[in-house]
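Student: Listed below, chain by chain, are the residues.
2 protein chains.
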Amino acid sequence: MAERAHALSTVDGYSGYGAEQGEKKLRAAIAATYYADLGIDETDIFVSDGAKCDISRLQVQNASSLPLVYCSCYIVAHNFYASKFQAYVDSSVIMGQTDLYQQDVQKYGNIEYMRCSPENGFFPDLSKVPRTDIIFFCSPNNPTGAAASRDQLTRLVKFAKDNGSIIVYDSAYAMYISDDSPKSIFEIPGAKEVALETASFSKYAGFTGVRLGWTVVPKELLFSDGHPVAKDFNRIVCTSFNGASTISQAGGLGCLSPEGLKAMQDVVGFYKENTKIIVDTFESLGFNVYGAKNAPYVWVHFSGRNSWDVFAEILEKANVVTTPGSGFGPGGEGFVRVSAFGHRENIIEAARRLKQLYK
Amino acid sequence: MAERAHALSTVDGYSGYGAEQGEKKLRAAIAATYYADLGIDETDIFVSDGAKCDISRLQVQNASSLPLVYCSCYIVAHNFYASKFQAYVDSSVIMGQTDLYQQDVQKYGNIEYMRCSPENGFFPDLSKVPRTDIIFFCSPNNPTGAAASRDQLTRLVKFAKDNGSIIVYDSAYAMYISDDSPKSIFEIPGAKEVALETASFSKYAGFTGVRLGWTVVPKELLFSDGHPVAKDFNRIVCTSFNGASTISQAGGLGCLSPEGLKAMQDVVGFYKENTKIIVDTFESLGFNVYGAKNAPYVWVHFSGRNSWDVFAEILEKANVVTTPGSGFGPGGEGFVRVSAFGHRENIIEAARRLKQLYK
Chain H
4 MAERAHALST
14 VDGYSGYGAE
24 QGEKKLRAAI
34 AATYYADLGI
44 DETDIFVSDG
54 AKCDISRLQV
64 QNASSLPLVY
74 CSCYIVAHNF
84 YASKFQAYVD
94 SSVIMGQTDL
104 YQQDVQKYGN
114 IEYMRCSPEN
124 GFFPDLSKVP
134 RTDIIFFCSP
144 NNPTGAAASR
154 DQLTRLVKFA
164 KDNGSIIVYD
174 SAYAMYISDD
184 SPKSIFEIPG
194 AKEVALETAS
204 FSKYAGFTGV
214 RLGWTVVPKE
224 LLFSDGHPVA
234 KDFNRIVCTS
244 FNGASTISQA
254 GGLGCLSPEG
264 LKAMQDVVGF
274 YKENTKIIVD
284 TFESLGFNVY
294 GAKNAPYVWV
304 HFSGRNSWDV
314 FAEILEKANV
324 VTTPGSGFGP
334 GGEGFVRVSA
344 FGHRENIIEA
354 ARRLKQLYK
Chain B
4 MAERAHALST
14 VDGYSGYGAE
24 QGEKKLRAAI
34 AATYYADLGI
44 DETDIFVSDG
54 AKCDISRLQV
64 QNASSLPLVY
74 CSCYIVAHNF
84 YASKFQAYVD
94 SSVIMGQTDL
104 YQQDVQKYGN
114 IEYMRCSPEN
124 GFFPDLSKVP
134 RTDIIFFCSP
144 NNPTGAAASR
154 DQLTRLVKFA
164 KDNGSIIVYD
174 SAYAMYISDD
184 SPKSIFEIPG
194 AKEVALETAS
204 FSKYAGFTGV
214 RLGWTVVPKE
224 LLFSDGHPVA
234 KDFNRIVCTS
244 FNGASTISQA
254 GGLGCLSPEG
264 LKAMQDVVGF
274 YKENTKIIVD
284 TFESLGFNVY
294 GAKNAPYVWV
304 HFSGRNSWDV
314 FAEILEKANV
324 VTTPGSGFGP
334 GGEGFVRVSA
344 FGHRENIIEA
354 ARRLKQLYK
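Residue numbers (my numbering), protein chains in the order written: chain H, 4 to 362; chain B, 4 to 362.
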């Protein structure tokens with residue numbers, strides 16, 4: 004990125020507006036690195052300034068009431084424990100796709116909140132889910148850390164196909180998967196006809212401030228009248244976005260070089276070691292712990308307690324910051340999310356203090 | 004930018020998610036540089052990844068049908084000769100704020116196209132403009148190159164105030180102003196109550212691919228029920244955007260340093276010299292030429308001719324690319340836009356060929 008930035012000051016290295024969809028070379032590298040055997044090619048990849056921004060652009064697509072966008076979605080399905088909860092729900096709310104907030108049940112109307120808990124293997128009972136136009140699904144999941152299995156995703160794809168729904172699959176943590184859970188929804192046969200996938204360099208290369216991600220919109224994904232979703236998404240990208248910063252895109256190319264891939268694996272491996280320290284800590288204290296194996300998040304159950312009370316207790320008594328589970332929605336009550344993103348010495352110190360607090 | 008990018012690889016220099024509204028230091032520098040005496044402070048500045056993207060985010064704000072966003076705009080006023088024509092009109096179309104395209108008049112329903120031509124001093128006859136919720140106004144204008152005078156803008160602000168309209172003022176070319184035309188709508192008394200302003204580093208520092216701009220939303224700007232526009236815009240920025248790349252923001256800080264300001268003035272000065280060469284060329288050939296003085300665009304009248312025919316003629320016979328005026332809308336018919344953004348030797352060579360073609 005430093006090289007690209009410096010090159011902008013030279014006649015040969017200067018570049019102006021890039022392609023809204025991203026640099027061809029980067030789109031090709033993403034397709035080759037993550038989707039080589041899945042029938043996704045570079046023209047299916049839209050480079051973005053991050054998954055959150057793309058999710059909001061997808062909402063623009065849904066909001067249209069004009070025939071050029073063929074999806075008239077006013078019901079948004081929602082994986083209850085979702086990362087980017089704010090982007091999923093609030094962007095729907097702002098775009099006027101939901102009904103008003105219902106104080107009694109603490110949710111917005113016209114959104115189905117699909118509860119995912121230890122009892123159901125962090126996967127909703129699809130027989131109880133009504134038909135919806137859009138299904139947001141994040142795996143590995145933030146905050147629960149659960150990665151959906153091949154069998155679960157196969158059922159999800161079938162459900163979407165049977166109901167004419169489109170899955171917005173958020174795979175921002177896919178590189179953290181250690182077992183044989185799919186790293187992309189497109190590993191599931193038939194998924195290209197019902198799903199698009201958002202991803203990001205944020206959690207692999209520390210690019211949260213650099214702003215770089217991508218969305219895969221397969222050519223096979225069609226609205227019910229046969230119009231390709233990719234064609235409309237392309238129009239939105241070209242109208243509402245001028246592409247990610249060319250400097251950030253140079254960073255993406257660096258990430259996908261052999262040296263960069265190795266560095267990202269090292270970073271992911273480092274945080275997975277942190278995760279193990281956190282898991283061992285809470286398990287040694289007798290807590291039920293979920294997630295962690297396929298994600299940088301540990302989902303700790305404080306049975307019968309209020310999430311915010313636990314959060315406050317840990318903050319005030321151990322000076323350690325966690326995230327109250329109920330902050331992600333009512334189904335998170337009784338849990339806190341513990342993040343593995345930190346310096347090793349801080350993780351070790353936090354573990355020490357937690358052991359002191361709950362010994 | 005190279006320094007900031009490199010610093011990300013160090014423990015001390017690394018930074019993650021920044022503030023969605025932009026770095027405090029950059030917001031303060033923008034306020035101090037461009038709005039020092041205009042009562043705009045850093046909290047009114049929202050740093051963005053470019054004016055086009057912010058204009059689409061503003062459309063999100065308008066699209067809402069929920070009470071949290073109080074503006075129920077379904078009529079969008081439009082300065083006919085507008086830069087970012089696509090962002091203005093197409094984002095409205097995609098968001099479903101317009102009626103269908105009307106083939107006979109070549110425009111979308113529910114948008115007022117305000118014709119600006121040499122006959123009206125490139126400023127619409129406001130007595131013929133109906134009341135609208137939003138007025139997009141770009142000055143200095145792309146493609147005509149016309150900068151609205153203080154008197155014209157005073158009338159525009161009064162019109163907005165009388166009609167309860169909000170002006171979205173696009174000042175992306177303000178640094179090209181040579182005469183005493185206002186460089187910001189906020190130079191006009193009362194504008195803070197009826198206008199917000201988008202701006203960009205793209206045309207001052209060649210940042211088109213770097214992606215950096217800003218929007219000024221004054222605290223005084225309220226919806227008709229008294230709710231501050233800035234409060235809603237802030238929510239949209241936080242929900243649909245995670246801030247401009249921190250590397251690009253370092254570039255913005257560089258631009259606003261004494262050395263950077265001098266460099267931007269040099270760049271603008273260079274293109275203004277190009278503009279003069281283009282103007283002299285067409286005037287020597289007897290054409291009526293507009294714009295140019297306060298903008299990097301020359302608006303050349305080919306009386307009685309079709310814009311696309313002239314464009315094709317210049318392209319095929321002189322191998323020079325211009326932009327057909329009618330591409331900006333039906334009122335541009337008979338004009339071509341000639342851009343001054345180019346290497347000096349190319350401008351001189353283009354001038355030579357044009358003289359040969361039209362001698």
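Possibly wrong hints are sitting among the right ones.
What the hints assert, rightly or not - Cβ-to-Cβ under 8 Å is the rule here; a few derived chain B residues that face chain H:
1) GLN106
2) THR211
3) LYS275
What the hints assert, rightly or not - Derived Cβ-Cβ restraints for the label pairs, each shown as a range:
4) B:TRP311 <-> H:ALA35: 51 to 57 Å
5) H:GLY272 <-> B:GLY167: 56 to 62 Å
6) B:GLY167 <-> H:GLU262: 17 to 23 Å
7) H:ASP44 <-> B:GLU286: 26 to 32 Å
8) H:LYS222 <-> B:VAL132: 41 to 47 Å
9) B:PRO261 <-> H:PHE344: 35 to 41 Å
10) H:LYS222 <-> B:ALA22: 34 to 40 Å
To be verified - Over 10 Å on every C-beta distance to chain B, these chain H residues come out as not near it, computed from the model:
11) ALA5
12) VAL132
13) ARG214
14) ILE250
15) GLN268
16) GLU276
17) GLY330
FYI, nobody ran anything at the bench for these hints, they're computed from the structure.
Glycine is no exception: its CB is placed at the ideal position from the N, C-alpha and C atoms.
Student: Each hint needs a verdict: does it hold in this structure or not?
Tutor: Results of checking the hints against the structure:
| no. | hint | in the structure |
| --- | --- | --- |
| 1 | GLN106 | 14 Å, violated |
| 2 | THR211 | 4 Å, holds |
| 3 | LYS275 | 19 Å, violated |
| 4 | B:TRP311 <-> H:ALA35: 51 to 57 Å | 41 Å, violated |
| 5 | H:GLY272 <-> B:GLY167: 56 to 62 Å | 59 Å, holds |
| 6 | B:GLY167 <-> H:GLU262: 17 to 23 Å | 58 Å, violated |
| 7 | H:ASP44 <-> B:GLU286: 26 to 32 Å | 51 Å, violated |
| 8 | H:LYS222 <-> B:VAL132: 41 to 47 Å | 44 Å, holds |
| 9 | B:PRO261 <-> H:PHE344: 35 to 41 Å | 38 Å, holds |
| 10 | H:LYS222 <-> B:ALA22: 34 to 40 Å | 38 Å, holds |
| 11 | ALA5 | 4 Å, violated |
| 12 | VAL132 | 25 Å, holds |
| 13 | ARG214 | 5 Å, violated |
| 14 | ILE250 | 5 Å, violated |
| 15 | GLN268 | 17 Å, holds |
| 16 | GLU276 | 18 Å, holds |
| 17 | GLY330 | 15 Å, holds |
Violated hints, listed in ascending order, are 1, 3, 4, 6, 7, 11, 13, 14; each of the other numbered hints is respected by the structure.
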